[in-house]
Amino acid sequence: MARLDVSIVKRLPGFTLDARWEARENVVALFAPSGAGKTLTLQCLAGLLRPDDGRIVVDDRVFFDARAGVDLSSQSRRIGYVFQGYALFPHLTVADNVGFGLRNRSRAERHARTGAIIARLGLSGLEGRYPRELSGGQRQRVALGRALAIDPALLLLDEPLSALDLPTRVTLRDELRSTLLQCGVPAVLVTHDFAEAYRLGDRIVVYEAGRVIQSAPRSELLWQPASEAVARIMGIRNILHGTVIKASPDRIQLRWRGLTMEAVNSPTQAYLPSSEAPIAFFIRPEYVRLIRKDRGAPDPGHHMNLMSGRVVAEADFGTTVALMIRLDEPGEPAQGEYDLEVEVPRLVYEILEIDRDRHWQLSIHRGSIQVLPA
Amino acid sequence: MTPEATSALALSLRVACLATLLNAVLGIPLAYVLARRRFRGQTLVDLFVTLPLVLPPTVTGYYLIVLLGRRGWLGSPLYAATGWTVAFTWYAAVIAATVMALPLLVRTARAAIESVDRDLERAAYTLGRPEWRTALEVTLPLARNGILAGLVLAFARALGEFGATLMLAGNIPGKTATVPLAIYSAVQTGETGDALLLVGLLTALSCVVLVVAGRLGARAA
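Line by line, the protein sequences give chains A and B. Residue 233 in the working numbering sits at position 233 of the first sequence; the count goes up by one each step and never skips. Residue 1102 in the working numbering sits at position 102 of the second sequence; the count goes up by one each step and never skips.
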């Protein structure tokens, strides 16, 4: 298992990176919108940029330690770096690109290693091509092969899929996942796409404006964003604000839009806000249930957090349809024109004839209301 | 062609070739350092290299005399030690041409080096290459066309240099009289045939140079 301890302070004109995180997982995804300091972090890890302060430890090797005066050069860190846009040497062939880092090996050894990498990444037959003669997906594989050829202590990937068109991106994402699993090299990858971070990363580190706002195993992050800021960066919808009625270690009762709702408290964070405190929470659109009208009255033991409202707008995403629902409660809707976004599969939309029938009763299981600690 | 014209042509070619060689040796590393390093006094170095481009050539020539003349800062210790001075020799013509051509090469090569994607160099560093090897294996090969275009321009400038050469090397027929100086002498003494021939040759050569540099520049872009 890998061990990564990262603590970096780097002051630049108009921007300060102050990031600290640790990981014991093999693949770490740094996730944030652009300009949050993710690429700077990679450059510091690779020794291309010298932090003003901090400490970088990979497994048992200290790459950088400001206090002890340790700063290994890029050349001696043995880092496999897959650059955004790949940075393949345009004047060298695929084979020479892949073998570029093997200069110190014997010719025979270099040849064997290059051949093995090329075969493993499915690039056989392209050895003599130049980067400009390759497709986007092939370039990504050459960049990955060049980085893996040196048997790196750490693999860094900067937006490894962003240069690709959508179908290739999805294929290569899965391919990259299995390559990362196979080679077993600890990897840090940077992405601004949450699906990519979730699919590839065992741990996700969320950056905002040069700081780490959450670092967690991926499933924990998905269900327990540490704050409203994290939830917003993740692109979570239906982030709402209510008032606490009563909080216990396992339940939180809250008031929202005149309704009394019950949510499960976050089991790891044991968040205990006082009564009448404001509270942020979110409801995933795909976890809101529409109650069928042909099955009799809703059962309070089965249906929780009952409410009713009218579809005021909808957005068709092909396989799913998003319904914007305005509750029957009086007062201003929570999100402009509507209170809740509800996502239903197209089949459900058709069976329930939602295009014709616009007024619905809804229920939300308390486990599907996630509170966001302030 | 008169013997004067022939010797002027031979001298000019020799001077221009040597000056271009010196430009390559001095100018390419200088262009790399200016493009890729940040150091104290960088603006000053840049200014000194570029100055001959805008100064009147006679002024540049004057500074060269102050530096290298028999009583110059470097010239006088040299004279005291060896009894030899560079002024009024054909070496002086080479030095004058080198200094005058250097800004053309450095500016063109620097722009070409700056246009090389820095991630390519970073990639080479992480793959174990020290900076100087990266420069030789990645940066300079990729900036090649721009550098060649700069060398071609430098060669043309060296071939046509007049003012600074006149100041430092004089206009001694058969010794320091390069083609531009020979043209000037020929016009002064009314030998229009020689003047016309040399003018035509220089014009034709300059056209070739411009076309070649243009092609290289286009391929570099």
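None of these hints come from the bench; they were simulated from the model. All C-beta atoms, glycine included, are put in the ideal place defined by N, C-alpha and C. Be aware that one or more of the hints could be misleading.
Partial list, derived from the structure: chain B residues whose beta carbon lies under 8 Å from chain A [stated by the list, open to error]:
no. : residue
1   : V1033
2   : A1035
3   : R1036
4   : R1040
5   : G1041
6   : F1048
7   : L1051
8   : D1117
9   : L1120
10  : T1126
11  : P1141
12  : L1142
Cross-check of the supplied hints:
no.	hint	result
1	V1033	violated, 19 Å
2	A1035	violated, 17 Å
3	R1036	violated, 13 Å
4	R1040	violated, 18 Å
5	G1041	violated, 22 Å
6	F1048	violated, 28 Å
7	L1051	violated, 30 Å
8	D1117	holds, 6 Å
9	L1120	holds, 5 Å
10	T1126	holds, 5 Å
11	P1141	holds, 5 Å
12	L1142	holds, 6 Å
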